[in-house]
Structures are given as C-alpha cells and as structure tokens.
Amino acid sequence: MKTKLTVAVFWVGAGLLGIQPGAAQSLDFGDAPDGVSAILYPTLLLNNGARHPVVTGAYLGASVDVEPDGQPTGNADGDDLNPPAGPDDEDGVIFMTPLVAGQTAIIQITTSTAGWLYGWLDFGADNSWSQAEDAILVANAPGAGTFNYPITVPGTASVGPSYARFRFTTDQVPLGYDGLAVNGEVEDYRVEIQAGEEYDCGDAPDSVAALGYPTLLANNGAQHMLGSGLCLGALVDAEADGQPDAQALGDDNNPPTGLDDEDGVSFPTALFSGVQNRVQVVASVPAGVTAYFNMWIDLNGDGNWTNAGEQVVVDNGAFNGTQWYPFTPGAITATNSTFVRCRLSTVQGLTDRGPAFDGEVEDYIIPIAPVKWLQPPDLTSNGVDVSLVEKMLANDFRCTLTGPITDLHIWTSFYQDLLPSEGLNSLAFTLEIYSDVPAGPENLYSHPGELLWARDVPPFSYAAGRIAVGAPEWWFDPAQNLWVFPGDTQVFQYDFTFPADVAFVQTKGTIYWLAVRYQDILSQEPAAMGWKSCPIEERWQDDAVWFDPDRQVWVDLHYGNGHEYAQVIENSMDLALAVTGIEGELDFGDAPDSPGIVGYPTLLANNGARHSVVPGVFMGSLVDAESDGQPDATATGDDNNNADDEDGVNFTSPLYMGGSATFDVICSAAGFLSVWIDFNADGDWTDVGENIFATNNVVAGTNTFAFVIPGNAIVGNTFMRFRYTTQQVGLAVTGQAPDGEVEDYEVAIQEEVQLLDFGDAWDSMTALGYPTLLANNGARHAVQPGVFLGNWVDLEPNGQPTLNADGDDNNPPMGIDDEDGVIIPPLLIAGSVAQVQVIASVPGFLNAWIDFNANGTWIDPGEQAFFNQPLIPGLNVLPLSIPAYPATMSGGPHSRWRFTTYPPVLVAPMFMGAETDGEVEDYEVRLEVLDFGDAPDPRYPTLLANDGARHRMPSAYYLGIAPDDEPDGQPDAQALGDDNANVDDEDLVVTLAKAVQGETKTIVATASTNGFLNIWIDFDQNGSWDASEQVVADQALVPGTNDVVFATPQAAQLGTTFGRVRFCSYRGLGPTGFATDGEVEDYEVAVFQNGPDPSTFRITNIVYSAPSTATIWWASESNVTYWTQWASNLVSASNVSWTTWGPVVLGPANTQTDTNAAETTRFYRVIAPFAPPPP
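At position 319 of the sequence shown (counting the first as 1) the number is 325 in my numbering, and the numbers step up by one without a gap.
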C-alpha cells in the first residue's frame, strides 16, 4: 500500500525545532499590506503572496516561524507579532543608513547558511514592487553570517512611507516578489524615504566590490552639505553619490555639460620626500565665517589616506581668496601618480571620510616621478643662493638608473626677494649636461667636461612656485666674491620637463654635470636669481662650480667671508638639484628603422615605442632593457639582444588575405593591449584600419584575439607591433609608456584562405558559445581525400554557427549536406542508454561531446561521450549512456563529433582546435529529464514506446515531494515501479487505493504550486482509461493541501484496477503523452461495494432436479453484486476450495442454477464480494 507522511515544522531557530507528524506543509508568509478585494502587495495566499516552506537551517536572522496565510498590516509587522508571545522572526534585515532620495544606503542582512538573497523596495509608493527600479538586490550570500549591501535610492523616489520585501532561499532558481519558494524565509518592512539634501562628493577611485579611497557613500565617502556658500574655488555642484574615477575627474566631468567645480586647489611644483612644498588654495568664504582646510596625500600609493603622516595639512585657517599652505611630505613611495583629498569646512577635525555640514571636498591625481637623484635645498640660515646673474653654475650627480632624464629640478631665490615682474616662469633658461672630468694630477677638483646635451627653455614652458618663506639666507656672487646676509627669505622650486624623445639618456653609474644659466628678458628691471645650496650633510663628490668667462675655466665653490661653514675643513659647497622622470630602464621594439628616415618608429631618435621596465609587468615570460630601439630587417633585434624576451605573442592561425586570423597574447597581469599591423606594407602603421586593437582589456594569462585581414592587403611579409601596459592610457604606435612591454613581429600575409572543414554549433564573436568560429579556436579539420564521416565532407573558410547546428548542413545552400555521418535518436532521456550509429569512411577514432547540462559548453565533467573510440569502415553502432539528472538537463543543446585516422593527443579541451585530417560534425540533440508512470504495460500506456504519460523535470509543479526521473516508464503489476526506483515520489494520497460503487470519494492532494489536476480510473477494467473514466478534469489546485472529490459509478467492476493522476501548469492533459512540466503518478485501486445487510442475508432455498441440476435462492438486495460458489466437501474449514459458478448476479435478482453431472455431493454458498469496504 502507498503511504504518505507530511510534517509541519512549527518553528525553527537556534537550537529549536518542532515537527508535527501528519500536518500539512508549513509555510512562512510576509506581512506587507494586502487585501482580499483590493490587491496591494502580494502577501495573502489568495493573491499568490510570497511564501517559503520552513525547513531546518534556511532562514534570515535568528529564526523563522510559520503562518497559515499572509499577515498583512499597515506597519508590516503582522509576522513580527504572530504568535503574540513567540519570537519576532522578522529580524534578518537592518537598514544601517537612512533611505535618502538620490543617495546610497546600506542594508545589513544576516543569513543562516549560504544562499540567494532578493530584495524589492517600492520607490514609487504605488503599492507595487513591479517597477524595474524597485528590484534593489540580487546577491549570493557565501555562508552563514552578516553581510552589508549598498542600494541606490533614486533621486525620483517618492518621499514618505513605503514597503520593502526581502527573500532568502538556498535554491538557485530566481525568485520574484510573489509566489512559492523551495525553502528559506520572506521578511517585509515598512520604511521611510527621506528627501535628499544636496551634497558635494569626491571622485578619487573607489568601488563597492573592492574598497579604495572612501569616495562612495556606501564606503562612508566624504560628503559636504551644500547651501552655505562656503567652497573651494569659485563654485561647487551637487552629486547623488561619490563620482569615483581612475583620474579623479568624476566630479570635474559631472554633469558632462556643466562647469568643473574642482577648481580650488593647485600644486605648482613637484613633490619630494622631506622637502617643503606649498599648495595653492583658492577659497570662497562668506564674511564672518571661520573655515578650515585639510589635505591628505597617499604617499605610499596603497589606496588610502590613513597611514601616519599622510594628512599633510591639518585644520589650517582659510580666508576668502588665495592662500598658500606649506607642508613637508614624508617618504614618498607611490609610483607614477597618487591621489590627494582636500576638504574645506567650518568643522574642525575632519577625517578623509564622512559627512560635513558645509564646505566642499575636492580630489586630485598628482604625478609622482621616480627620484633618480636628490640634493634638497638648505632652508636654514646657512643656506646660500649663488648668483646666476650673467653666469653659468654647474653641479655633479651620479646616474642611478639607466634611461631618459625627462625631469630636472632646481631650487632658487631672488636677491632681496625682488621677483621677476612678469612672473616666476617668465625667465628663459639654458640647461646643459656635461660629462665628468674627475679630480687628478692635472685637476684639483672635478668639473664638467664634454657637452653632451643642451636645451633652451623658453619663458612660460615650465613650472615654478614658492615653497618656503622663512629664515634669511646668504647671497653669494662668486664673480665678485661678494657675500651678503641677509640676501633673501623666500625659496622657489623650478621644474623642467622634456619629452622622452628629446631627453638625455643617461647610463647607470656614470657621473654627469648639470649646468644652468638664465635670462630675465621680459622684465624692465631684471631680477637677480641665485641657485640655492644644499645642506652640508647632503654634499656629494666635489664642489659645485661656476664658469669664469674671462679665464674660460670652471671654478669650484666654497663657503667663505663670515659664513658658519667657512671654517669647516671640507667647506665645499653643492647646489640643490633633483633628477626625476621615467622609472627604470626601457624596453624598445625592433621593427626596421633608420635615423632620420620616417618608417616604423623604433629608434629613440624617431620617438620609438618604449616602456619603462617594471618588475612583474611584461608579455610572455620576461622583458629585458635596451638603451635604444633594436631595429632589424626581420624584427628580431630585441630577440637577439640579451635574453629573447619577444615571447608574448603566439599566432594560432595563418594570415590570409580577406580571411580572419587569431593570436594569443600572454600577459603577466591584467592591463591593456594595443596592436598595429602594416596591411599595405608601406613601412608605417599610420594608415586607416592598421590599429586593429586599441586599449583592449587583457587578463593575467592567455588572451585570445581575432581580426580580419582586408581583401586588399598586400601579400607578403609585413610587420606588427604589440604594446601592453597596466595603465589605461591611450597608447600610440610611438612614444613612452609607464610600464609593460613592446614586441614587434614580422608576419606573412598569404594570398588565399585555406579551406577546412568546420563545425556549426552555436558560437559568436560577442558572446562565446561552443568553440566553432576560428576566432574562438573552433574545431577544424584539414580535408584529406577519403577521410570523413558519412558519405562526404565539404569545405568552409570559417565555422558556420547556427542556433540549430545546421550551418554546415546548409552550406553551400544548394550543395550536398555533409553532416551525415552520425545518426542520433530523436530523444535522449536522462538515465537511459541509447544506440548511436556512426558511419566512418576508413578506420579511425571518434571523440564526441554532448552538452548534457545544456549550459552552452562541453567542458563539464562527463560531457565527453566518447574518447578515442575506435571505428571500423562503415556502420558502427555505439551505446551512448545519458547521465541521470542533474548531470543531464532538459533542452536542445549541441553535440560535437570529431573523426580522425589517429587518436588525438589528450590536450584539453579536445573539442576545439585543429586536426590534420578527418571531419567534425555538430548536431542539435533533444535531451529530456522525465517522470514516468508505473501502471502495468502492456495493458496500460506506460512505456515510451506506447506513448506513456511523461512530464519534463525539474519542475515547480508536483504532488507531495518532488518527483524523481526515470529513463522510461516503470510498469509494475502493482504500480509500484516508480515507488521502488530512487525516491518514492508516488505519494499523492493513501486513500486513492480504494473506491466504493455508487459513492463519492474525497482525497487530499498536496500541490507544490498552483496547477491543474486530472485523474482517470479504469472502472470497467478493460485495460484502458476511456474518456468516460476521467473522474477529475482540470481541477485547479492551490499550493498545499486540496480536497479532490470524484464519484465511483455504480456499474464499476469490483476488484483491483488502476488509476492515473497527472498534475501540471496547464489544462487539457490526457492519460498519455508528453507534458512540459508537472508529474504523473499511477496507483492500484480496489473497487468495493457496500454489500447486503448481514442480519438478513441468507440462502432461502435449494432445489435439486434430477438428474443433474440444482437451483439456489437467497435473500437479495438491489444493486448488490453476488457470486455463487460450490465446494465438493467441507472437511476442514481452512482448506475448503470454493469454485465460482454461473454469471455474476446483480440484485434484486436472487437465483442461480447449477448443472452437476459428475458430482454426487456439492456444498453451495452465496457471497457479496469486495464487501463491506475496509475502513
């Protein structure tokens, strides 16, 4: 007999579980407002309210309880208060921040286990969560714990009360805001949406997924309330949230057509560790307001401003107008660039994050050039400014890193603080670099030797700024031996930068001299500039020198004439100097190039492509450095110089005119790739279409690219350039990159496309599917005569992907279909074994894949159906095992069948790439995971061969527990075949097993969701379910228990028969055939009758008529079925064998005649079979 067990879980929490056997399924409902006559939010069961079966260990917060229906209230606290004395299970969600229109809020959710979270918030206050913006959360909780999630409140959100719903389940099937879930909990909340104040936010890099600088409100980013009139610069605008940007330009560019409000702070000069600098701040401060300015610099470049010493300006008072704040940065270890945050407010003690009631925040990116040499200025009273008036001074330095000198810096002062009338940067400079003449027998001191490089620097082409105002310093004119104290009190920094292609390239370990002279050609009264000395402890090598034009010699500089250091034995003087610029050595290309000839830009003289060598950033396995480009006729100059580092690109296909080609690029880290190819072979990469990839994203590891060669490309050898960097900069084919590598290659463009046999499983260039296209390294076979599947093979220039895997079949449109070598059954059922026919032209080997789980790839375990399966010429019949659910999923995925004369080497994945002979054929297959019945067959239609009832699964529609799958019908003499296979899912109801003639019967059907029920019972026991035997037709069921009533005909045959039950989402099912969802359950049914009154039922007469007949009469009742029986003896009541004789008698008939020719003695009885019905 079939049995059913239902349990009610009445509360689940930490350490508490209640199970009530025999009750209906227990559900948790929501409590947002809802009604019977006016639908608000779907909370009530009547309105398909959200509900979750309560199972152990899957809930929000600390517990979940059970309700018979939704608990709607105006405060969404119906579930909280139910039961009144029980635990409040609506405890899984906390709103950590207010819900403010136009801002980001944080919600905190606690889950009991790993699972999926969904959330909705009615931003429009329209009593619905149906708008797209209302869906606020779809997230995977990685396990038990508490997690924070940011949500964005639209600026258009309706201010006032509203409602939110949160749902949690361990099931991966997406949930909506209504309907039944597999497990978990639903919690509803009444919330308040506030009107948004306008705030100004920062724009330093930040994200929700990977914390950076605190810019986004979700990360407590800096924000300033607007409206006070206090701001940096001339204006401030509002943002709904931080505007993080890789260049800190998010606020500058927001709104795109608006004014740039990041206009209050500037850094005139470069920063150096331990060297005082000044920041210029323009503030708009209303009259009578006291304001404070704070600034942070990320000195170590670690993505925050929280390290010691990174707040470089602390609560400095600010007034209306322009002011300068001095600061001295600590050790600067950031590279290339770093970020600055500036905040102005009336509030003191601000940090780099959080709100302020007024003012503005501005973020900036500033360059950080690697320091190759630094002798800082002496800012004490011992500092000396050596006059540059009509003379040249020089100071020596040692190269610490080979590469171009793109940045030179000196520190200066002006005699008596009389500045150039046209501005600090109105002077003209000449900068020169000399070789070193060391001290020796012929030289008392080292001095400049050969002139190696010189540049005239015109006015207004460099940066200059005041860095200090303080102690008086000395003035010294070496030509007159004039010492003046005090000579000046202000110190200025001058920064000169040069393009790398005109910069001087220094060699590590070499000593050079920098010589400087200037002219004040724009001032009516020229200003007297002096080059500032460095602290005595920072001196290096020999003295600085000045050039005596009269004697045409370099003269060394010493302290003297009353200076404190004049009495020091080593009283030589050095000048303040810094060399910065491109970090590290350089990697160059090696495409052909010559000085002065425009071609491929490889040499430094032609601004050749070059990359700073940064550890860990390269293509292939390594990168080496060169002092200049390595041009070579075959682009192997860099390969043959030192180690061969030109190993980052692998061409995976030939280059054919008019065809597509592929290559792989191996990168050491995520970054960006730009590629050029000289299609017309004119010696450059500047023609339209020759930059085939520009700043394309790459990941660490192998990256595959495909491109099309134009039909008019020049056949023959040409050159390609590959440039890779981790910085998102627009690389040109020339010039300097901050890191990465450049690799040049000679390639050959061939005249025609080689034709191959390709597959036709679905694939595309934009959304990867099965690897069919050449660009995705699709499967392809070189066609060899006589080697194919089926009867023939044709050729294609590329894969022929289509949704039905028939692209090769239909190509060419009027040609022969060569996809004829594999015959697959039209239906492959999970858990079954099918027979596949494969036709081979010659002996060989078959490899085949089927996407059993229909996820668009053949990479999953178990999806290679055949591995190097030997084939004989002609027909091969092969058994194909289809995995059971869930390894197999219903659908129409694709399969791939590859045939070669050799066993391919196991290089995963084998379903892609090239083979040297054979053929590839792709087919769409029909996979089904099915639930079958188990009524006896032959007799009832149960087996697939007899169109037995079957339902696709998995499905949300089932009776009792979820069904299991079968490869075919499971016929059984007692309809127990499905019960005994895997899980017993034939659990509709126990009482279906018996029926009584002429009575109605009520059974209980437990449905998983809303659907339709159909039931047939073979009452006439003729082995089929006739149309008249459908006792329940399309009865609508609701989730949970449902009463189902049907009538048993009075004429139903007594005894054992069979019933079929089908449930699915739609109407009109018959007892046979396929259904797209739901379940089928078959049952053995016994038909009973009520029988006669036992107090009056008896034999009334028996008459024997010679010689051979006997007639029997009994007390009969209408509509009772009687059997007459005889036995030859009554020796033992337990061993009596009774034989039924004569036809069945239906009361009120009450007589039957027997012929007894052979027997001399017979005992008779009359029975009412299958009566009375069991309880």
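In case anyone wonders, no lab produced these hints; they're calculated from the structure.
All C-beta atoms in this analysis are idealised placements derived from N, C-alpha and C, irrespective of residue type, glycine included.
Take these hints with a grain of salt, some might be off.
[Unchecked claim] Here are the computed distance ranges between Cβ atoms for each label pair:
1) 505 / 218: 44 to 50 Å
2) 505 / 676: 43 to 49 Å
3) 555 / 355: 27 to 33 Å
4) 843 / 1033: 39 to 45 Å
5) 312 / 424: 42 to 48 Å
Quick rundown of the hints versus the structure:
| no. | hint | in the structure |
| --- | --- | --- |
| 1 | 505 / 218: 44 to 50 Å | violated (31 Å) |
| 2 | 505 / 676: 43 to 49 Å | violated (29 Å) |
| 3 | 555 / 355: 27 to 33 Å | violated (59 Å) |
| 4 | 843 / 1033: 39 to 45 Å | holds (40 Å) |
| 5 | 312 / 424: 42 to 48 Å | holds (44 Å) |
Violation of the numbered hints given earlier is confined to hints 1, 2 and 3; the remaining hints are satisfied by the structure.
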